[in-house]
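Here is what each chain is made of, one letter per residue.
Number of protein chains: 2
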Amino acid sequence: MTKVTLIENAVVITMDKEDILNPGYILIEGDKIKKVSSEPFDEETKKTAHEIIDAQGNFVLPGLINTHTHAGMSLLRSYADDMSLMDWLENKIWPAEGNLTSESIYWGTLLSIVEMIKSGTTTFADMYFFMDDVARAVQESGMRASLSRGMIGFKGDDSLYEAKEFVKKWHNGAEGRITCMLGPHAPYTCPPEFLNKTLSMAHELEMPIHIHLSETEGEVTDNYKEYNKSPVEHLNELGIFDVPTLAAHCVHVNDEDIRILADNNVSVSHNIGSNLKLGSGIAPIDKMLSENVTVSLGTDGASSNNNLDLLEEVRLSSLVQKGFHENPTLINAYTALEMATIKGGETLKLPEVGKLAPEYKADIIVIDKNSAELYPRHDPIANIVYSCNSNNVSTVIIDGKIVMKDGNLQTIDEEKVYHEADKHAKMITDQDKN
Amino acid sequence: MTKVTLIENAVVITMDKEDILNPGYILIEGDKIKKVSSEPFDEETKKTAHEIIDAQGNFVLPGLINTHTHAGMSLLRSYADDMSLMDWLENKIWPAEGNLTSESIYWGTLLSIVEMIKSGTTTFADMYFFMDDVARAVQESGMRASLSRGMIGFKGDDSLYEAKEFVKKWHNGAEGRITCMLGPHAPYTCPPEFLNKTLSMAHELEMPIHIHLSETEGEVTDNYKEYNKSPVEHLNELGIFDVPTLAAHCVHVNDEDIRILADNNVSVSHNIGSNLKLGSGIAPIDKMLSENVTVSLGTDGASSNNNLDLLEEVRLSSLVQKGFHENPTLINAYTALEMATIKGGETLKLPEVGKLAPEYKADIIVIDKNSAELYPRHDPIANIVYSCNSNNVSTVIIDGKIVMKDGNLQTIDEEKVYHEADKHAKMITDQDKN
Chain A
1 MTKVTLIENA
11 VVITMDKEDI
21 LNPGYILIEG
31 DKIKKVSSEP
41 FDEETKKTAH
51 EIIDAQGNFV
61 LPGLINTHTH
71 AGMSLLRSYA
81 DDMSLMDWLE
91 NKIWPAEGNL
101 TSESIYWGTL
111 LSIVEMIKSG
121 TTTFADMYFF
131 MDDVARAVQE
141 SGMRASLSRG
151 MIGFKGDDSL
161 YEAKEFVKKW
171 HNGAEGRITC
181 MLGPHAPYTC
191 PPEFLNKTLS
201 MAHELEMPIH
211 IHLSETEGEV
221 TDNYKEYNKS
231 PVEHLNELGI
241 FDVPTLAAHC
251 VHVNDEDIRI
261 LADNNVSVSH
271 NIGSNLKLGS
281 GIAPIDKMLS
291 ENVTVSLGTD
301 GASSNNNLDL
311 LEEVRLSSLV
321 QKGFHENPTL
331 INAYTALEMA
341 TIKGGETLKL
351 PEVGKLAPEY
361 KADIIVIDKN
371 SAELYPRHDP
381 IANIVYSCNS
391 NNVSTVIIDG
401 KIVMKDGNLQ
411 TIDEEKVYHE
421 ADKHAKMITD
431 QDKN
Chain B
1 MTKVTLIENA
11 VVITMDKEDI
21 LNPGYILIEG
31 DKIKKVSSEP
41 FDEETKKTAH
51 EIIDAQGNFV
61 LPGLINTHTH
71 AGMSLLRSYA
81 DDMSLMDWLE
91 NKIWPAEGNL
101 TSESIYWGTL
111 LSIVEMIKSG
121 TTTFADMYFF
131 MDDVARAVQE
141 SGMRASLSRG
151 MIGFKGDDSL
161 YEAKEFVKKW
171 HNGAEGRITC
181 MLGPHAPYTC
191 PPEFLNKTLS
201 MAHELEMPIH
211 IHLSETEGEV
221 TDNYKEYNKS
231 PVEHLNELGI
241 FDVPTLAAHC
251 VHVNDEDIRI
261 LADNNVSVSH
271 NIGSNLKLGS
281 GIAPIDKMLS
291 ENVTVSLGTD
301 GASSNNNLDL
311 LEEVRLSSLV
321 QKGFHENPTL
331 INAYTALEMA
341 TIKGGETLKL
351 PEVGKLAPEY
361 KADIIVIDKN
371 SAELYPRHDP
381 IANIVYSCNS
391 NNVSTVIIDG
401 KIVMKDGNLQ
411 TIDEEKVYHE
421 ADKHAKMITD
431 QDKN
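Protein chains in written order, with the UniProt record's numbering: chain A, 1 to 434; chain B, 1 to 434.
These are calculated hints, taken from the structure and not from any lab test.
Wrong hints could be hidden among the right ones.
Heads up, the list lumps identical chains together, so a pair's fine if it works in one copy or across two of them.
DSBU-like, lysine-lysine: derived pairs with alpha carbons at most 35 Å apart [unchecked claim]:
1) Lys416 x Lys46
2) Lys426 x Lys35
3) Lys225 x Lys287
4) Lys405 x Lys169
5) Lys405 x Lys423
6) Lys17 x Lys426
7) Lys46 x Lys423
8) Lys423 x Lys17
9) Lys92 x Lys17
10) Lys35 x Lys423
11) Lys164 x Lys32
12) Lys3 x Lys35
13) Lys426 x Lys405
14) Lys168 x Lys423
15) Lys405 x Lys416
16) Lys405 x Lys34
17) Lys349 x Lys32
Based on the provided sequences and hints, a complete structural model is requested.
Below is the structure:
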């Protein structure tokens, strides 16, 4: 019998045409939302419920969607900071990554999943390696994820075959919570020949592509030197954008690049926290949005952010545009929250995710209102975007299942994850000290 | 008999020459720190203790110092966002502020104090009105504060007399936790004649000055039109900087302005969250720091931030400089945390505050390490600055007294504050709807 869960007495932020229902009521059947209403449930409906959540006036909204991260990198959080990019990569990150194992990626990913669930993220897009272990962590935890085997084209075609196997094994796996993409790392690490092979495979497997694009000024300059065009033009001319594409970063894009992204329905994952911390720069998302590019939000890996708190990215993506352009009307609260919800679903080609509406997946978070920074509440969306601390997320539902209840994880042994992640983090970094 | 409190088994971040003691032990006698050591206490010392806090490996650091806010404005949080500055002020903030009462300021300030204590702030600098009610909230809550009656010079001299009375009544009040400054609002709201009177009073009462300075481009342009010089030059020539001065914002300052600030030991309160949100711009704190200007951090009021989370300001002040200047080595983690601690003490002319060292005031916070974003901990300072969620602050000591223990406020009825603040927030904003 399909499980029925009811949510009562909530301030429901639907992300559906700016509707806020207060009080609002949500009926969940199995993995889906069946009804969102301002009418209380009748006794008949209540009798059918397996679980009733009395939200007591708390905020209820769609689970947040992190469209670009490398979950296993949480093991390298606080390992190397305040360094110039190449010094950081060459002397700290790459050597440590070389020590990563299947087991360490598994625990690092679980650590990231704990952090994401506790801060309200219900779906994440990951690009890394040892992806079977990432998928295993997703399957066990109840998370939703879009997974890509990261591929460096210079290193031969092994990763392509691995990616194909991964797609065959995991696409639509974990009761449908896992979907896949192909993940050529970036134009500067994947030569045209490799990108062509990736494109053929994308057509063959009907897979979208997830790629880093124009993150730093240096890679754009290098691309012009090598191909006499921008990385965006380069990928466009190779035909990459013929398949649905998720482009992460897009910091250094010009007006023509933005037009190409818009014309080809390329979705952008804006990673403002990481872009700031690595000194990459500030992506022109105001322009992208005005050109109707789909812009969503990602944290990037925890070694360059240094957390996976998507509400922080929501706030940053609004504040930084306002401050940088000296215009407080840019990226209003609703637009910022849209990027973390419904636009995230669009970006990950998950049309049933990111909104509280009938037939959408039941990915839902409850934010406890009893915290000083949420008083008063003249405007619930502004409260969430501009003042809310993500630790106020109390209950999280993914695919109709409660994975956190009143702050307690239901599917993961949190203490064990901390212990194992800490142990593996020490192992991979201690090796480089010898 | 003087109360003795011991803190054991902590990761003590002293903010004293980058020393981290792990494990570290702190002996508190009355309102002061007597000893900070890596040696466990002997049985003799333990016998003298009235309270022993076993920190169990948690992070212990100096309480954070918020050097510029308007605490009562928390009642206007989420009341008006995403608006251009003058539209926001003229049509929303000023009319609502006109409805503020003595009681509403009291409850708004308490709401802010709850938020500040819970997020690790132990001292704040406030400039507003109905300051007796602000002082009352500070006295009752156990907070430490530097208070200034905000004065608009265009409105006559009443506020000057009020400020004088306030200083006489409250300076060194609340067992020494309250100190005062004189608060002429800004050069553009205080004509030279009024500033001269303020300066005389500052000399007479031996009070520092707390003033808004060069927050927006518009006020700098206007200052040039009226006086043919920058606001910084203007204040300097009026002799304001002859008394110790706290200048809030300093967003639009040029190299010459920075030199003047440095030469005159003017302390700057950097309010990056508010500066971003209001579209004011990004202060050149990297330059100020390299010229040895004392830079500390402030949240500004909660209606333009929209929270009073100083750890968020710490992170923003580092990330935004790195991103804006495309240089990840700017404002490293230690420098950022210094601005929120020891530099805050310097800014507020509280030389005994902001460091964990003998003879410093016992203003201490404990951050619970058991949270996903604090694992692993290759570098505790990076953990706190770049990934920590301020909700992990578990215990707060101010002036030697425990004001929050394991997340529970000891001096404030939190529920009552939420209820009253909400009620007063509705009252002041409902009036404008009629």
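Here is what the structure says about each hint:
no. : hint            : result
1   : Lys416 x Lys46  : between (37 Å within a copy, 33 Å between copies)
2   : Lys426 x Lys35  : between (48 Å within a copy, 32 Å between copies)
3   : Lys225 x Lys287 : both (26 Å within a copy, 34 Å between copies)
4   : Lys405 x Lys169 : within (31 Å within a copy, 50 Å between copies)
5   : Lys405 x Lys423 : both (28 Å within a copy, 30 Å between copies)
6   : Lys17 x Lys426  : between (48 Å within a copy, 26 Å between copies)
7   : Lys46 x Lys423  : between (47 Å within a copy, 34 Å between copies)
8   : Lys423 x Lys17  : between (47 Å within a copy, 30 Å between copies)
9   : Lys92 x Lys17   : between (46 Å within a copy, 25 Å between copies)
10  : Lys35 x Lys423  : between (45 Å within a copy, 33 Å between copies)
11  : Lys164 x Lys32  : within (30 Å within a copy, 64 Å between copies)
12  : Lys3 x Lys35    : within (14 Å within a copy, 59 Å between copies)
13  : Lys426 x Lys405 : both (31 Å within a copy, 32 Å between copies)
14  : Lys168 x Lys423 : within (32 Å within a copy, 58 Å between copies)
15  : Lys405 x Lys416 : both (19 Å within a copy, 26 Å between copies)
16  : Lys405 x Lys34  : within (21 Å within a copy, 43 Å between copies)
17  : Lys349 x Lys32  : within (17 Å within a copy, 59 Å between copies)
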